[in-house]
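Number of protein chains: 2
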Amino acid sequence: MKNFEEKMKSYVDYIEKELKNFNNYSHENRPQVKLIDAMNYSLRAGGKRLRPVLVHAFCEALGGMIEASSAPACAIEMVHTFSLIHDDLPAMDNDDFRRGKPSCHKAFGEAMAILAGDALAVLPFEIIADAQHLTPEQKVLIISVLANSVGRDGMIGGQVIDMENEKCDNVDEDNLRNLYRCKTGQLIAVSCVMGAICADADNETIRAAAEYGLRLGFAFQLIDDILDVTSTTEELGKPVGSDEASNKNTYVSLFGIEKAKEAADKATSEALEWLSAIRDNEFLVTLTEKLLKRKY
Amino acid sequence: MKNFEEKMKSYVDYIEKELKNFNNYSHENRPQVKLIDAMNYSLRAGGKRLRPVLVHAFCEALGGMIEASSAPACAIEMVHTFSLIHDDLPAMDNDDFRRGKPSCHKAFGEAMAILAGDALAVLPFEIIADAQHLTPEQKVLIISVLANSVGRDGMIGGQVIDMENEKCDNVDEDNLRNLYRCKTGQLIAVSCVMGAICADADNETIRAAAEYGLRLGFAFQLIDDILDVTSTTEELGKPVGSDEASNKNTYVSLFGIEKAKEAADKATSEALEWLSAIRDNEFLVTLTEKLLKRKY
Numbered sequence: 238m239k240n241f242e243e244k245m246k247s248y249v250d251y252i253e254k255e256l257k258n259f260n261n262y263s264h265e266n267r268p269q270v271k272l273i274d275a276m277n278y279s280l281r282a283g284g285k286r287l288r289p290v291l292v293h294a295f296c297e298a299l300g301g302m303i304e305a306s307s308a309p310a311c312a313i314e315m316v317h318t319f320s321l322i323h324d325d326l327p328a329m330d331n332d333d334f335r336r337g338k339p340s341c342h343k344a345f346g347e348a349m350a351i352l353a354g355d356a357l358a359v360l361p362f363e364i365i366a367d368a369q370h371l372t373p374e375q376k377v378l379i380i381s382v383l384a385n386s387v388g389r390d391g392m393i394g395g396q397v398i399d400m401e402n403e404k405c406d407n408v409d410e411d412n413l414r415n416l417y418r419c420k421t422g423q424l425i426a427v428s429c430v431m432g433a434i435c436a437d438a439d440n441e442t443i444r445a446a447a448e449y450g451l452r453l454g455f456a457f458q459l460i461d462d463i464l465d466v467t468s469t470t471e472e473l474g475k476p477v478g479s480d481e482a483s484n485k486n487t488y489v490s491l492f493g494i495e496k497a498k499e500a501a502d503k504a505t506s507e508a509l510e511w512l513s514a515i516r517d518n519e520f521l522v523t524l525t526e527k528l529l530k531r532k533y
Numbered sequence: 238m239k240n241f242e243e244k245m246k247s248y249v250d251y252i253e254k255e256l257k258n259f260n261n262y263s264h265e266n267r268p269q270v271k272l273i274d275a276m277n278y279s280l281r282a283g284g285k286r287l288r289p290v291l292v293h294a295f296c297e298a299l300g301g302m303i304e305a306s307s308a309p310a311c312a313i314e315m316v317h318t319f320s321l322i323h324d325d326l327p328a329m330d331n332d333d334f335r336r337g338k339p340s341c342h343k344a345f346g347e348a349m350a351i352l353a354g355d356a357l358a359v360l361p362f363e364i365i366a367d368a369q370h371l372t373p374e375q376k377v378l379i380i381s382v383l384a385n386s387v388g389r390d391g392m393i394g395g396q397v398i399d400m401e402n403e404k405c406d407n408v409d410e411d412n413l414r415n416l417y418r419c420k421t422g423q424l425i426a427v428s429c430v431m432g433a434i435c436a437d438a439d440n441e442t443i444r445a446a447a448e449y450g451l452r453l454g455f456a457f458q459l460i461d462d463i464l465d466v467t468s469t470t471e472e473l474g475k476p477v478g479s480d481e482a483s484n485k486n487t488y489v490s491l492f493g494i495e496k497a498k499e500a501a502d503k504a505t506s507e508a509l510e511w512l513s514a515i516r517d518n519e520f521l522v523t524l525t526e527k528l529l530k531r532k533y
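Protein sequence lines, in the order shown, are assigned to chains A and B. For what it's worth, my numbering labels the leading residue of the first sequence as 238, then goes sequentially. For what it's worth, my numbering labels the leading residue of the second sequence as 238, then goes sequentially.
One chain only, chain A, in its complex shape (with noise of 0.2 Å):
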């Protein structure tokens, strides 16, 4: 696709602007002030946005506004970070840095980063109940798959089934197909369903929009695991190996690298097969491509 890296970065652009917006504080002398700067500070630490492109690219593919879209993919970004901060606290994975950049215990303290996830877990919430262009059926749809892919059987899930694998010395290919469904797939499905919601799809597009998700999850998660074994720090942003180093049991560590590269390819076939069923899918097919070659 020629203009592809035009589209990324106009995406990137107008999510850029509108996290912006949807944490900013008119009152700067107020004494909570403090927790804006950190939910600000991890909000605008940068990475992919992966997640809110996939809401807006999906809302567009299927003849949505782009404005339409717009408070469900900051709200699937403030979830993300909301885990990214939780995850990095001491008593979680203890790291000290994300995206090159100190996390955010690290800067502000454990309790404010306790806080600043709490309230990034709670504010996708109001901004999609208060967006301009969807009507109530569609915020509640929304807000009703939003919820549960990062409940009980989604991300939260998910990160209770990677704690409670790190004790077990017989995970199989089946409880790690689930660990990534829920901890990485399901909040990338959701993504792409939140857009097609968005764009008012029906129930079948609707459908194929998770199946292609949750592939892409798949493959996306394990190309993390292969990068975090191959790739530097420097390209990372973040400590390589330190899935080796917390003892985690990865689809790497348990079938080796080669055959991570092979799942990884099947499961985006799979996720290409499914956009066949989006309109104009263009955008994504490119990216779905692009995601399995990365370096970071």
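For the record, the hints were derived by calculation from the structure and aren't laboratory data. Check the hints yourself; a few may be wrong.
Which copy? The list can't say, so a pair holds if one copy fits it or any two copies do.
Claimed, not checked - Using 35 Å as the maximum straight-line C-alpha spacing, the simulated DSBU-like pairs for lysine-lysine come out as follows:
1) K498 with K271
2) K271 with K285
3) K244 with K404
4) K257 with K285
5) K271 with K404
6) K257 with K496
7) K404 with K343
8) K257 with K404
9) K527 with K271
10) K343 with K271
11) K527 with K503
12) K257 with K498
13) K503 with K271
14) K485 with K338
15) K404 with K338
16) K271 with K496
17) K404 with K246
18) K257 with K503
19) K530 with K496
20) K343 with K503
21) K343 with K485
22) K254 with K496
23) K271 with K338
24) K404 with K498
25) K257 with K343
Use these hints to put chain B onto chain A, whose structure you have.
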């Protein structure tokens, strides 16, 4: 009111049953079952259930059916429980006990307590979005006011002000009133507001519910402060004198017990005045009066 205790018991029984339903888990052998256990451990630790009782009482006082307020009532108790779990963490208030039992991180470890709190911060929005007896318009409004009362200008913002105040020598009454409004008042006010929305109340009535709740919340927090000084650990179910030990500025520490009692009386009187806008307010009037005289 003759049947006050009976009515209160029926509300609390209903809430306990509904809380179980909303965080029940059909697949007990799933790997994330420990997360559900941790969530339920704190959810079922008891407490007064004041906030969900207010949701139901406002809904019924304004002619709504109790089923309509079921999801918002459980949602507010989940939010309250999430805040207690995170508040008790070592990086926050570092409390080993809550309601006479080991706090969540003492029973399940710090990482699981963080995740259980996170899950209880998100589940409320899912159960409201999926509620059976509310219209999409009611759900969107409830989610908007609930998220707002939890976030930057609500409960979480209040906790940040509380932390900042500990480093501060010149906390004045305005600061403290703002703190109490954020930290305690907003969640109590939104309980009343959600109940009114469930009953399809008009805007004027919703406003009366909010004004009542803010004043009740202020009185409630003042009495909490007073009991922290005058009660015993057995009566309170948590260590007394914890405010002084942690160097917290409270209305009591700044202005003395007598001034605090006067302020609680005044706030309660104002709360009762706002209740005159609520149709069948008998239960709520008795509840308000009893809360002023509580010993735990």
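Evaluation of the provided hints:
1. K498 with K271: Classified as between; 32 Å across copies, 43 Å inside a copy.
2. K271 with K285: Close inside one copy (25 Å) and across copies (32 Å); limit 35 Å.
3. K244 with K404: neither (44 Å within a copy, 48 Å between copies)
4. K257 with K285: Intra 16 Å, inter 40 Å, cutoff 35 Å: intra-copy only.
5. K271 with K404: Answer is between; shortest inter-copy Cα gap is 14 Å, intra-copy 37 Å.
6. K257 with K496: neither (41 Å within a copy, 43 Å between copies)
7. K404 with K343: both (27 Å within a copy, 19 Å between copies)
8. K257 with K404: between (41 Å within a copy, 29 Å between copies)
9. K527 with K271: The answer is neither: 38 Å in one copy and 38 Å across copies each exceed 35 Å.
10. K343 with K271: both (14 Å within a copy, 29 Å between copies)
11. K527 with K503: within (15 Å within a copy, 65 Å between copies)
12. K257 with K498: This pair counts as neither: shortest intra-copy Cα distance 37 Å, inter-copy 43 Å.
13. K503 with K271: between (45 Å within a copy, 33 Å between copies)
14. K485 with K338: Both ways: K485 and K338 sit 23 Å apart in one copy and 33 Å across, limit 35 Å.
15. K404 with K338: Both: 30 Å inside a chain and 27 Å across chains, each within 35 Å.
16. K271 with K496: between (46 Å within a copy, 31 Å between copies)
17. K404 with K246: Close neither inside one copy (42 Å) nor across copies (43 Å); limit 35 Å.
18. K257 with K503: So K257 and K503 fail the 35 Å test inside a copy (38 Å) and across (41 Å) alike.
19. K530 with K496: within (16 Å within a copy, 68 Å between copies)
20. K343 with K503: Classified as neither; 39 Å inside a copy, 44 Å across copies.
21. K343 with K485: both (23 Å within a copy, 24 Å between copies)
22. K254 with K496: Neither, since 40 Å and 48 Å both go past 35 Å.
23. K271 with K338: both (18 Å within a copy, 33 Å between copies)
24. K404 with K498: So K404 and K498 pass the 35 Å test inside one copy only (26 Å; across, 52 Å).
25. K257 with K343: within (23 Å within a copy, 38 Å between copies)
Of the numbered hints given earlier, the model fails hints 3, 6, 9, 12, 17, 18, 20, 22; all others are met.
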